[in-house]
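**Q** Under my numbering, the first residue of the sequence shown carries the number 639, and numbering increases by one thereafter.
No lab work stands behind these hints, which were simulated from the structure alone.
It is possible that some hints are incorrect.
[Claimed, not checked] Restraint ranges, calculated between C-beta atoms of paired labels, are given here:
#1 Met-708 / Ile-685: 30 to 40 Å
#2 Ala-740 / Val-711: 26 to 36 Å
#3 Val-643 / Gln-681: 42 to 52 Å
#4 Ala-740 / Glu-675: 15 to 25 Å
#5 Glu-678 / Ser-713: 50 to 60 Å
#6 Asp-747 / His-679: 13 to 23 Å
#7 Gln-697 / Leu-652: 10 to 20 Å
#8 Val-653 / Glu-678: 37 to 47 Å
#9 Glu-739 / Thr-667: 11 to 21 Å
#10 Ala-707 / Glu-732: 18 to 28 Å
#11 Glu-732 / Glu-704: 30 to 40 Å
Built from N, CA and C at the ideal position, the CB exists for glycine as well.
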Amino acid sequence: MSRKVMAMKLGDYLVGLKQLETYLECLQTVIVEDIAEMPEHQQGRAINRTCYAYMALDQHADFLSEELAMNNVTSDGMIELTLAQAKEIQYYAESTSNAIEALREYHIDLGDN
Numbered sequence: 639m640s641r642k643v644m645a646m647k648l649g650d651y652l653v654g655l656k657q658l659e660t661y662l663e664c665l666q667t668v669i670v671e672d673i674a675e676m677p678e679h680q681q682g683r684a685i686n687r688t689c690y691a692y693m694a695l696d697q698h699a700d701f702l703s704e705e706l707a708m709n710n711v712t713s714d715g716m717i718e719l720t721l722a723q724a725k726e727i728q729y730y731a732e733s734t735s736n737a738i739e740a741l742r743e744y745h746i747d748l749g750d751n
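Sequences are here, hints too, so could you generate the full structure?
**A** What follows is the structure in structure tokens.
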């Protein structure tokens, strides 16, 4: 078993997971409503970017809810992490951020939803 070397606040974990779920719901609306209103020549690429963002967000949420759900929580509300888990969280956070940023090219801003 890997030694626990890092920690994350339980409250931050819960807020982050909820935010990812909200973003996923927003992307479903974007796919159905917002892209249909775009000029036809932009729709294909916008759908591609939206699907990429959905996949990145979904993988991030899955990692948080499945991988970290079994981690120990200390008495002061910290989730203990291995170094590998901390690195994976960083990877998912960067991937999610990049995917959300790519949507802005099509004036899709999940921060407004």
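**Q** Each hint should be assessed against the structure and marked as holding or not.
**A** Hints and how they fare:
no. : hint                          : result
1   : Met-708 / Ile-685: 30 to 40 Å : holds (36 Å)
2   : Ala-740 / Val-711: 26 to 36 Å : holds (34 Å)
3   : Val-643 / Gln-681: 42 to 52 Å : holds (46 Å)
4   : Ala-740 / Glu-675: 15 to 25 Å : holds (19 Å)
5   : Glu-678 / Ser-713: 50 to 60 Å : holds (58 Å)
6   : Asp-747 / His-679: 13 to 23 Å : holds (21 Å)
7   : Gln-697 / Leu-652: 10 to 20 Å : holds (19 Å)
8   : Val-653 / Glu-678: 37 to 47 Å : holds (39 Å)
9   : Glu-739 / Thr-667: 11 to 21 Å : holds (19 Å)
10  : Ala-707 / Glu-732: 18 to 28 Å : holds (22 Å)
11  : Glu-732 / Glu-704: 30 to 40 Å : violated (20 Å)
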